[in-house]
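Guided by the hints, dock chain D onto chain F, whose structure is given.
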Amino acid sequence: MSLLRRLLRPLLRPRVVFLAAFLVALSLAAAKAALATFVSANCNYNAPTPSPNMYRDGSVTVALVARYEGYHWGGGCWNDNDVDEGPNEPLQTSSTGGEGGDCSSLTFKVWRESLNTGDGGHYQWGRLRNVHGPYAAADFKAGVGVPNATYSKADAIVMDAFASSSHIGMVYQRSTSGADQIVEAKCEACGTNIFTRTYRSDSSYGGVRRMGWTG
Amino acid sequence: MDGLTALRALTVAAAGVLLAAGCRDHATPTGRVFVGHVRAGPVERFHSPRLRACLRRFGELHVTGRTRVVERVGLLGASLTISDPASPWLYGCDFTPQRQSLCGAAVGEWRAGRLNDPRLDILCADAARRALGAAWVVPQPGARSIAVRELGLTEVYPIAGGLPVRIWTRDGVRYERSSATFDVTQRGADGRTLTHERLEAAVAG
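For the protein sequence lines, the chains are F and D, in the order given.
Using this note's numbering, you'd call the opening residue of the first sequence number 1 and step up by one each time.
Using this note's numbering, you'd call the opening residue of the second sequence number 1 and step up by one each time.
If we strip away everything but chain F, and leave its shape as in the complex, we get (with noise of 0.2 Å):
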């Protein structure tokens, strides 16, 4: 027994107790954050800022804002630094937590609506704030919610939208060669950015408008 003692003397040195601690804390710590989705070790739930005002223009920021900052199907949570922190995820799986919202929680968040379909007010929603909102593209393409109605694909300016039964991009800029300048939360693949696109002549698309804008 005396043996055994002197043995493990020298490892119950305050100074090894501590360094054992120390490594044992830090691989825990790295196992923590291994573990952790982006989604965890980021985002919110928050309540949004109710605003009374939306303008065109400033949803165009808050729209680019989401840009370079990847795509996640059924995401809404993403920060501002042009990287996407959540790559190369599983297509189509909402439960890995990676950074990037989809195409509908994009229009949500740009459209600063509410989770209560009746409710037509503006709400801003941080942009580390995990919402998706209670729409897919489907729901948007039908003008489902109040703030949400069904508009001419011809008269769609900035900040309306063209939708399809599985996709919704809003337009950035309208270009007079048939072909808009949509931004949009493609896919895992091409992530959240400014693309070309014919939806306006796509007869799979039609047009949606958020309604109550100040401007």
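Treat the hints as calculated values from the structure; they're not laboratory data.
Note that CB positions come from ideal geometry on N, CA and C, so glycine has one too.
Honestly, I wouldn't trust all of these hints.
Claimed, not checked - Each pair of labels, with its calculated beta carbon distance range:
1. Thr176/F <-> Gly65/D: 36 to 46 Å
2. Arg52/D <-> Tyr45/F: 37 to 47 Å
3. Ser201/F <-> Gly65/D: 22 to 32 Å
4. Phe34/D <-> Ser95/F: 24 to 34 Å
5. Gly65/D <-> Thr214/F: 48 to 58 Å
6. Arg114/D <-> Ser95/F: 17 to 27 Å
7. Arg130/D <-> Ser40/F: 20 to 30 Å
8. Ala127/D <-> Pro87/F: 37 to 47 Å
9. Thr30/D <-> Thr196/F: 54 to 64 Å
As the list claims (entries may be wrong) - These stretches of chain D come out as covered by chain F in the derived footprint (C-beta under 8 Å, 3 or more residues):
10. 115-125
11. 197-205
Just chain D, lined up with the frame of chain F:
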């Protein structure tokens, strides 16, 4: 209470919690069991206001002689699932059981027996204005019914028409998170459990 007694009490309490957790995960129906009504066939056999409402919603859906419809009426909700072999899209329309007007809809990619996503819809609500969630489940080979367990209620969806089954939950909806959890058990012809899963679905795309 000495330390040993306290330890014993804690052990008994922990065992009780574990047993309770285990009980929640097995696949036996609890409470009331409700078996929904289902009808499946070619589209021309359906002349319901629900079908008309659904076709109005999906203007791009071109009905042909090969278009198949599965109509379900259950306790929490009613639905139409529509598929045409010429199209990769699966269309769903959701209704509250008492009404013929559409309250929600979904579109999924349906190719070679695979569905891209459960296509959760959370836009319907019950009479007390509680949100309802509807999603598709693809039946396992050999499955004859799908049971979805709620608190005090199990709703059984007979499998029909060779299409994904549109199932409903009220207790599993997390509206603020745009998601829902379904407690799903697939059963074979002899009532044997084939699979039991907690299906996590989110509004997406």
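Comparing the hints with the structure gives:
As the Cβ distance of threonine 176/F to glycine 65/D is approximately 43 Å, the hint placing it in 36 to 46 Å holds. Between arginine 52/D and tyrosine 45/F, the C-beta spacing of about 40 Å keeps the proposed range 37 to 47 Å intact. The hint said 22 to 32 Å for the Cβ distance between serine 201/F and glycine 65/D, and at roughly 31 Å that hint holds. The hinted window of 24 to 34 Å between phenylalanine 34/D and serine 95/F holds, with their beta carbons roughly 30 Å apart.
The hint said 48 to 58 Å for the Cβ distance between glycine 65/D and threonine 214/F, and at roughly 51 Å that hint holds. Take arginine 114/D and serine 95/F: their Cβ atoms lie about 18 Å apart, and the range 17 to 27 Å holds. Roughly 28 Å separates the CB atoms of arginine 130/D and serine 40/F, a value that falls within the hinted 20 to 30 Å. Checking the proposed 37 to 47 Å range against alanine 127/D and proline 87/F shows it holds: the Cβ atoms sit about 45 Å from each other.
A hinted range of 54 to 64 Å for the beta carbons of threonine 30/D and threonine 196/F is consistent with their spacing of about 55 Å. With a cut-off of 8 Å between beta carbons, the stretch 115-125 of chain D has 6 residues touching chain F; three or more are needed, and the interface restraint holds. Here's how the stretch 197-205 of chain D fares: 5 of its residues keep a CB closer than 8 Å to some CB of chain F, so the rule of at least three is met and the hint holds.
No hint from the list above goes unmet by this structure.
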